[in-house]
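Q: Listed below are the residues making up each chain.
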Amino acid sequence: AQKVTQTQTSISVMEKTTVTMDCVYETQDSSYFLFWYKQTASGEIVFLIRQDSYKKENATVGHYSLNFQKPKSSIGLIITATQIEDSAVYFCAMSNMGYKLTFGTGTSLLVDP
Amino acid sequence: DMKVTQMPRYLIKRMGENVLLECGQDMSHETMYWYRQDPGLGLQLIYISYDVDSNSEGDIPKGYRVSRKKREHFSLILDSAKTNQTSVYFCASSLSKGHEQYFGPGTRLTVL
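If you read the protein sequences in the order shown, they are chains P and U.
Residues in the first sequence are numbered from 63 upward in steps of one, following this note's numbering.
Residues in the second sequence are numbered from 7 upward in steps of one, following this note's numbering.
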């Protein structure tokens with residue numbers, strides 16, 4: 063069975079700084095996909111970025127990037143130059159080659175002006 | 007612009023009434039999902055649809071059924087709604103297995 067753990071329940075940072083959110087996962091599968099989503103205060107769930115387990119390069123999309131450490135089963139999300147509107151709950155998720163996503167419990171990010 | 011839509015956004019029903027939640031997507035995605043989200047429980051998978059008329063139970067299917075007659079449209083039906091089905095319901099779609107899911111804006115259902 064798969065498991066995704068986010069130990070940071072909440073983080074507070076100043077605007078324009080860099081923040082890293084941690085996520086560790088457990089799986090018996092050799093191939094899998096890792097995702098980060100954010101849920102805004104309005105409830106909207108937005109897909110941010112994905113990492114395929116067979117890729118060594120860390121994925122980057124806009125001001126989001128990943129720190130993929132496969133030997134540690136870790137997939138950290140890095141947000142650079144944070145903005146007020148980055149305040150949200152961030153979920154890590156994984157999928158093996160199937161259809162279901164296993165979600166972490168989320169990390170609440172507050173970006174202060 | 008890739009989009010998943012949900013109707014209605016807010017719904018109040020009485021216990022025992024039937025509920026129809028509708029979801030649409032414009033990405034020709036094969037796979038669609040229904041989740042519910044409750045405080046402290048995260049997203050729980052209700053049903054998966056692999057394509058038209060090809061549906062599978064998720065983790066909490068009891069009390070729900072689904073219908074998918076067109077690839078772009080997926081409905082969640084609650085026959086005789088119960089108060090414990092009060093929740094926020096999210097629809098999602100993905101290209102196929104292993105791909106990222108795109109979520110709709112959610113429907114907040116209250117069953118009195």
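Hints were generated in silico from the structure; no laboratory data involved.
The reader is advised that the hints may include incorrect statements.
Stated by the list, open to error - Heads up, simulated EDC-like pairs for lysine to aspartate or glutamate below, C-alpha to C-alpha not over 20 Å straight-line:
no.: 1; chain 1: U; residue 1: K103; chain 2: P; residue 2: D84
no.: 2; chain 1: P; residue 1: K117; chain 2: U; residue 2: E106
no.: 3; chain 1: P; residue 1: K65; chain 2: U; residue 2: E36
no.: 4; chain 1: P; residue 1: K162; chain 2: U; residue 2: D65
no.: 5; chain 1: U; residue 1: K75; chain 2: U; residue 2: D44
no.: 6; chain 1: U; residue 1: K75; chain 2: U; residue 2: E23
no.: 7; chain 1: P; residue 1: K134; chain 2: U; residue 2: D44
no.: 8; chain 1: U; residue 1: K68; chain 2: U; residue 2: D85
no.: 9; chain 1: P; residue 1: K162; chain 2: U; residue 2: D85
no.: 10; chain 1: U; residue 1: K76; chain 2: U; residue 2: E63
no.: 11; chain 1: U; residue 1: K76; chain 2: U; residue 2: D59
no.: 12; chain 1: U; residue 1: K75; chain 2: U; residue 2: E28
no.: 13; chain 1: P; residue 1: K65; chain 2: U; residue 2: D65
no.: 14; chain 1: U; residue 1: K9; chain 2: P; residue 2: E106
no.: 15; chain 1: P; residue 1: K78; chain 2: P; residue 2: D148
no.: 16; chain 1: P; residue 1: K132; chain 2: P; residue 2: D84
no.: 17; chain 1: P; residue 1: K162; chain 2: U; residue 2: E23
no.: 18; chain 1: U; residue 1: K103; chain 2: P; residue 2: D114
no.: 19; chain 1: P; residue 1: K134; chain 2: P; residue 2: D148
no.: 20; chain 1: P; residue 1: K162; chain 2: U; residue 2: D57
As the list claims (entries may be wrong) - Computed footprint of chain U on chain P, listed as stretches where at least three residues anywhere in the stretch have a Cβ under 8 Å from a Cβ of chain U:
no.: 21; stretch: 128–141
no.: 22; stretch: 163–173
Glycine included, each C-beta is placed from N, C-alpha and C at the ideal position.
Q: For each hint, tell me whether it holds in the structure or not.
A: Against the structure, the hints:
Distance check on the hinted pair: K103 of chain U and D84 of chain P sit about 25 Å apart at the alpha-carbon level, beyond 20 Å; violated. About 16 Å separates the Cα atoms of K117 of chain P and E106 of chain U, which keeps this hinted pair within 20 Å; it holds. Annotation: proposed proximity of K65 of chain P to E36 of chain U is violated, straight-line Cα distance about 26 Å (limit 20 Å). Straight-line distance between C-alpha atoms of K162 of chain P and D65 of chain U comes to about 10 Å, which keeps the hinted pair within the 20 Å bound.
Under the criterion of a C-alpha separation no larger than 20 Å, the hint pairing K75 of chain U with D44 of chain U is inconsistent with the structure, at around 28 Å. A hinted pair counts as satisfied when its Cα atoms are at most 20 Å apart, and K75 of chain U with E23 of chain U does not qualify at roughly 23 Å. Among the hinted pairs, K134 of chain P with D44 of chain U is inconsistent with the structure: their alpha-carbon atoms are about 31 Å apart, more than 20 Å. With a C-alpha separation of about 11 Å, the suggested pair K68 of chain U and D85 of chain U falls inside the 20 Å cut-off, and the hint holds.
For the hint linking K162 of chain P to D85 of chain U, the alpha-carbon distance of about 25 Å lies beyond 20 Å, and the restraint is violated. Of the supplied pair hints, the one linking K76 of chain U and E63 of chain U holds, its CA atoms being roughly 19 Å apart against a limit of 20 Å. In summary, the hint linking K76 of chain U to D59 of chain U is supported, as the alpha carbons are separated by about 8 Å, within the 20 Å threshold. For the proposed pair K75 of chain U and E28 of chain U, the alpha carbon gap of about 12 Å is at most 20 Å, so the pair holds.
Only pairs whose Cα atoms come within 20 Å are accepted, and K65 of chain P paired with D65 of chain U is accepted, the gap being roughly 15 Å. With a C-alpha separation of about 12 Å, the suggested pairing of K9 of chain U with E106 of chain P holds against the 20 Å cut-off. Distance check on the hinted pair: K78 of chain P and D148 of chain P sit about 10 Å apart at the alpha-carbon level, within 20 Å; holds. A threshold of 20 Å between alpha carbons decides the hint, and for K132 of chain P with D84 of chain P the separation of about 13 Å falls inside it, so the pair holds.
A C-alpha spacing of about 30 Å is found between K162 of chain P and E23 of chain U, which places the hinted pair above 20 Å, so the restraint is violated. With a C-alpha separation of about 13 Å, the suggested pairing of K103 of chain U with D114 of chain P holds against the 20 Å cut-off. Using a Cα cut-off of 20 Å, the hinted pair K134 of chain P and D148 of chain P is violated, with the two alpha carbons roughly 27 Å apart. For the proposed pair K162 of chain P and D57 of chain U, the alpha carbon gap of about 15 Å is at most 20 Å, so the pair holds.
For the stretch 128–141 of chain P, the stated coverage by chain U is violated: 0 residues have a C-beta nearer than 8 Å to a C-beta of that chain, whereas at least 3 were required. Counting residues of the stretch 163–173 of chain P whose C-beta sits closer than 8 Å to any C-beta of chain U gives 4, which meets the bar of three, so the coverage hint holds.
Checked against the numbered hints above, the structure breaks hints 1, 3, 5, 6, 7, 9, 17, 19, 21 and satisfies the rest.
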